[in-house]
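Listed here are the chains, written in short residue letters.
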Amino acid sequence: MTFLRALSFASCLALAACAYRPPRFVDAPAVERVADREPIPMPTPRRLMRALHDANVYVRRELVRALDPRGASDAGDVNALDEVPESAFFRRLEDLGRPLVGFRRDGAPVSPLRDRGVPPASEAPGARTIVDARGLGYELVPDEPNHRGRMSGAAATSSRLLHAIGYRVAEVHVVDLEGERFAATRWPVGVDLGPTAAEGTRDDDPNDRLDHRDRRTLRSLRLAAAWLDIVDLEPRMLRDHYLGEPGEGHVEHTLIGIDGALGVGTLRAAEAWARDPDRADENFFFRMFTLGLSPIPRAKPPVAAFTSVGLLEPFVLPGSFSPSPPFSPSDRMTPADGYWLAKRVATIPSRVLRRAVLASKLPPLEQNWLLQMLELRRAQIVAWAYDRVTPLDPGLLSPANPSRGLEARLLLADRAVLSRMTPAESSSYDVEFLDDEGAPLARKRGLACDRGIVTLPLGAELQAREYVVAEVTARRAGKALPRPVELHFRRRGEALALVGVRH
Amino acid sequence: MSRFGDQVSPRRLEVAARRLCATLAAASMCLRAPGAGADDAAPPAAARAPDLATAPNDPLAVAGLERPARPRGYGGRAVANAILVGPRLLIDYTFKGVEVAANLVTDRQLIPRYRELFGSPRGDLYVFPTLFAETGSPASVGARMIFDSPRFLSSQRVGFGGPRQVESETRVVLKGTLADHPSVLSLEAHYQLEDDLDYDGIGVVPRSDPRNRFVVGTPFERGTYTERRVRFLASGGLRLSDLLELLVSTSLYRRQTEPDPTEERTSVAEVFEPGSIPGLTTASPFVSYSEVAARIDTRRLRNRPSPGWHVESYVGGARSLPGDFTISYMRLGLRAGVGVPVRRRTNVFTLRLSIDGVTPLSGTVLPFVEYEHPREFRGFDTRRDHVAILGAADYTWQLVPVLGLRLFVDAVTFAPSLSAVGIEQLQNVRLAGGFGFDVFTGTNTLASFVTSASGDGVRVVASFGAPESHGDRQHRR
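Just so you know, the sequences run in chain order A and B.
Using our numbering, the first residue of the first sequence is number 8, and each one after it goes up by one.
Using our numbering, the first residue of the second sequence is number 15, and each one after it goes up by one.
Where hints are given, some of them may not hold.
What the hints assert, rightly or not - Straight-line distance between alpha carbons at most 25 Å, and here's what the computed SDA-like set of lysine to any residue pairs gives:
1. B:Lys110 with A:Gly78
2. B:Lys110 with A:Asp210
3. B:Lys110 with B:Ser477
4. A:Lys451 with B:Gly87
5. A:Lys307 with B:Val356
Source of the hints: derived by calculation from the structure; they are not laboratory data.
Okay, chain B solo, but in the shape it has when bound (with noise of 0.2 Å):
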């Protein structure tokens, strides 16, 4: 028996405070409820008004509070936050600076002028924030903002990965129709300043292959460098039928090269004799390039998962504008893919097959950084040469309509000309293989999240955001 329970008191008064609690607790949960009908008018104007006690609003006032509580295990929740803040506030910042440039490009009317200028009766704004991780590099964080009308897109897009991974794209694309024909016309200005870029030398076998001019003694297979890159891009599309596109491109660009500084990585400096590599400088000329392709593509969704085929063929020329040297090469390639669907539309197993190809014209020397490298290979690999084939197989499935999982292999391997491929070349394929999982809406790919392992590692990609869904080949180098 507790101390207060051992306390006496008359019986009668006990009961009489007990009943008039039981009542009180009753009424209060409805049991007998007061007040006749369950009108739901709404109350006479008198009733409206009553006297309530009302706090300013704020939680601490509204809750009465001298002090909130302090929980249990605050102390090491504080640790673990204090630990877990940074990286939480990179995402959720990165998120809400987007939202916040979207409310705001909406609130100052900034789309209806656009609509104005364009005589575009609707339109849509579209803004993602973007987050690419990978293993071995800063993770970048940025926005993308799309605003879409039925005849005029705008895209802004930035990136910042560091002081010296920093990128900038602004594009305008008008759409309309030539000899009723869809059509496109786009306008496009790039900037990219990106270091601690691989070179492992040209050719399949780098330490092999004569191009390479290996630093005697060195114990290092690749060194690193930065490149700042500057492209104007006019580019139009046409579209022949619902499967046939015929994309016509020219750019202007600059590709300025430099070895990164010693103290700080392994640069190319250390590892190849000066000179040796072609065109590694900043004295390089500006290039025009103008590429002509056309891609059949009978997929329903194109940013997605999704079972059908598609090949497209480019063929392309630059030529740099007077300078300190010429550049002049001719590119050509092929990409092609088909996916079927696996007892389930929601199961898609795809193979794909790109050969990309470049050579010099008129006896010029071909930068390094020109040589073809495919950047869709999910392994690691930086080597490079005139020609680069690349096979992927690709396992979808759908676990909820949002989220989908991803088994794949990747194989890659170069060669100096196509006639070139031979055994040397199947010896030296490298291949990645791994899993990921893709977060979508009905029709594109949010989020990616990739982990693939090849002979030189683990690779562990996490991209967000909106996707690549460019009409010229052109913005995927």
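Excised from the complex, chain A in its bound form (with noise of 0.2 Å):
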């Protein structure tokens, strides 16, 4: 009976808690910048230990996951506006338009060069680790015979668009030397650390204060990833380095040897497969269900549109792309994190994404297939996101003007509409207002819209009060989409002002 009593009174409370309170937002601009470069001791080198590293993510990472009910929670790295400030894993797009900006740092090596010595961080084929005439470390990546330029090419390429997003990428340059064409990596910079760690921070940097899996930028990266063809991320590819004089630098983390997108990789595993005498059906329920003894599928060798190019598909399932090994960050993406950074791809201009394949310096003919597969790509990673939130943007905030009958609003651009994705004549937008603690202000209304240009009233008796947060649910077709966007108002002298936004 007292069990009984407890269970009822736990079930009371666990019901009362149930509802949603929305999050409190101070009054101040949204942060560009994080304080996470202060000097540090330069943190001891770590090497990846591998089998702890597939103990982690085969087995502990999937027993942890299925005794989680929590889920994923927002992104700790993410400003008031739903962005990600400038940090030691993103850096600041200070300019929209030239996201290339910054990439070229030291340029392509300069001969004479000679070898280091040392193991390549990429550890990929054939790799070795070289010193330029100015005394700055490269890794050389050979391309593979009778493919020229195809894995040079992908890493030129898809280094700038990954740095075109905002992650930090270790430049990668198209290097001629003796007849034979490599991918030059300019690596290391400053002292290698070792892999970044997929889940929790780095205990000798105390700058790293946010477990990696809540970072919006890991998170996402699967994503990224997707449009890129990225299908082996592999935990060595990101990577811990020291900047700066010992005890005056800091640590920045950044992405290198993605020698295996744009197809590059997706190719060589299906030539494997096409090899392998044991290949097994691609269906894995009737791999299991016919005891591993169904018929040895027909090999079929792929075939790339050109030799110098990787198996690169005009169509991608986003939701379903998972790269190997697993990478625990990408098992907390949210709704939220996969629009911010479809809009990171989507800002992107065609013009850009045309001199990062010039870097690849592919034929002609190859180039422009790349480019239409990218953007053929991104239009898909881009509407996948776009659909699994409301993806509103807020604009021009227009106080009231009583003398003009002019009441206070906020423009608020749809993303989908004005790039295109959607049509405006098929979208419908609704309005909750809730206080800071999720009771509805008002009753739910619709909103008018203009070609993608949806406008929130702020009428006078919403002015008055101190906290106001405004629910926004697009509708497509008349289905609402599985999201709404929050708005979140505080009053400042007279008037709401607009201080945060949570897709």
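Take each chain as given, in its own frame, and dock them per the hints.
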């Protein structure tokens, strides 16, 4: 009886705590930079313990996930406007129209080159480490025989595009040496400290305080990988490095060795599968229920469009794309994280895409093909992410003008409509106003919309309140999108000011 | 029409505002990007230091939050989390602890010191968390740390399953060559305390075996006891060819046993007549045991299913140091197995047979813990006798490169001697069949989960961690 009472009490408490309560923002400008690059002593370089890593990602991670009912929380490296500020993981996009600015820091290696004689961090087949005439370190990865430009072109293009999104990426240049073509990666920059942990933080870096699984940049890396078809996201590819003099420097986290991008990894895997005499059927359940005795499928050697490009398909399924080995932060990618990444991808101008492809030094025909594939895949990634939230972003907030009979209003831009992914005629919008505890302030109502620009009126009765949350939900062909966008307002003086956005 | 929508506004201002907003949005989406070319050179130094709103390195400060959101269904999740947090943290912290230990070992320069000491230019450190859970037994968690270099291997292992379920092992292995053949020399110290161990009596049908004296009228078929084991072991191995290995080992050990407390469990003291169980005492002497074994193994991989065959045979003798009573016995055994690929090399059908025998020498009494009892049997069976015969058939197939499934059948029986194997042993074969899955890397098994059903019930065994891959047979005892 006592147990039943306790259970009833716990159930009541649980029910009472089931209601949603929105976050509450302070009235301050959105943060644009995180102070996570303070001087620290140089941490000890670490190397990956492969057996431990495999046990972690294939066993511990799966067990812990299965036993965790809490779901992913909001990312912790996001500012009030739902954007990622500059940090040791993410660079500042100073000019959205020129996102490649800053990619070229040291340029291609300058001859004469000499061997460094240390193992390459990228661990790519045939890779070697060199020092150029200026004393700068590079890793040279040769193209495979008969596939000149395939790997090097993929590395050069994809590294630029990841940089354009905002990731910190080692610069890669395509160089020709003694008749052979290489991808020259400027690495190490500073002191290489080894792979970045996919979970937790680096305990000897006091600046690293946020669990890496809660970093939006890492959570949504899966979506960037889907766009660029990076099927192998090895732990060695994300690295910590110390910049500055010992005791005066800091740690940054950089992507390197992306030589399997743009279908090159897919092609390698497909070739290996075709060569494998034990190749299994692609259907997991068929393999399971036939006890592995299913007929050996016919080997169809993969054929790329050109010898110097990978097997980059025009179609991509972002929801099921999962690089190997499993990357723990991806498990926690929320629709808001995906939307943020999709915005970043969508904002890369087509001419920047062309510049990135141009860096591959591939023949014009291949470049043109690659560009079309990237555009097609980008559209699918963006459309997928835009369908999982209400893709509205705030624009102009007009104050009330009583003399002209105008009330305050916020104009919102529907990115899906403005980018012509969704027809404006089939879109409608509802708003519900809440207080800071999540209690409704007014009945849900529709909003006016004109070709993707939505007007959110902020009437006089709202202006009197201290804190207001507007939940705006878009409908496509009458069907509501899964998540509303939340706009948070606080009274500043006599009017409401926008202080926070959450998708 | 909404209340806000009813407001009248001058048309011109509205249009201007809309145009401005559309322009801003389009600009932010780079439909008409500002700036000239998409140069990838670094920006001029002056442009690199804009005056930015900077926050301290704290998620709430970065997000500009006074208070984070409370998600929908928070209460229900909190209740579910309260239920699941225990097992989750157990698994999580087992791994994290091992990771920390591994990093500590690396950071404190232990590996370079090992290298200095033994002059090995390179080495690898492997740390495996271990978790073993079985129906009817407390889960055991722990870690195994292996440092492997070209000439030296060091292994430390600890396991903990409760105050009376403790295990610790330290091994040092020196690797080298003997007459141009690869060889190893191993030294080991091992301690184990284990309670709640079952004793059914001796024989294939203990109830009818005259060697057992059950308490008159007891309804119980088995009782429990505690064993404390200490062992020091030195062993040497020589690989004469890629397939053939010779193994020699000698150990000094002591196995002390006592009935479990009767208030907690059905102790052997309640089931068997006092003094009727041979060697049930904490006053047992130290025993010296030496063994010679030979093994031929053609499998490509030893720690995961692989086509090929193997045969192993051993003979050993034991004699106790002077004490309250004398222990002297001899062991002899044979193990053989064959794995064949079925359609694919990743589908392997394996048949195994093991015959183990022990016989007391010089008219001494053989303690009950020295009777043969095959631990590899995957069902419930704690019978024991001078001879134990185990047959197993496994079929494994690979689902993905890191995951395989397994179907199996085990059969075990016992006899007082090999010549006494007859119809009774066949009639009293205990069978266990089941399925399971293995998680493995290219060469090793990381974890396995096995469910088996036998006449005594369903047994679920989850084991996790480094597999046993020892050069001498004594480790498997």
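Structure-based check of all given hints:
1. Of the pairs offered as hints, the one joining Lys110 of chain B and Gly78 of chain A holds, with about 21 Å between alpha carbons and a cut-off of 25 Å not exceeded.
2. Using a Cα cut-off of 25 Å, the hinted pair Lys110 of chain B and Asp210 of chain A holds, with the two alpha carbons roughly 12 Å apart.
3. A C-alpha spacing of about 18 Å is found between Lys110 of chain B and Ser477 of chain B, which places the hinted pair at or below 25 Å, so the restraint holds.
4. Simply put, Lys451 of chain A and Gly87 of chain B have alpha-carbon atoms about 22 Å apart, close enough for the 25 Å limit, and the pair holds.
5. Distance hint between Lys307 of chain A and Val356 of chain B is fulfilled; the C-alpha atoms sit about 23 Å from each other, no more than 25 Å.
Going down the numbered hints, you'll see the structure goes against none, and every one checks out.
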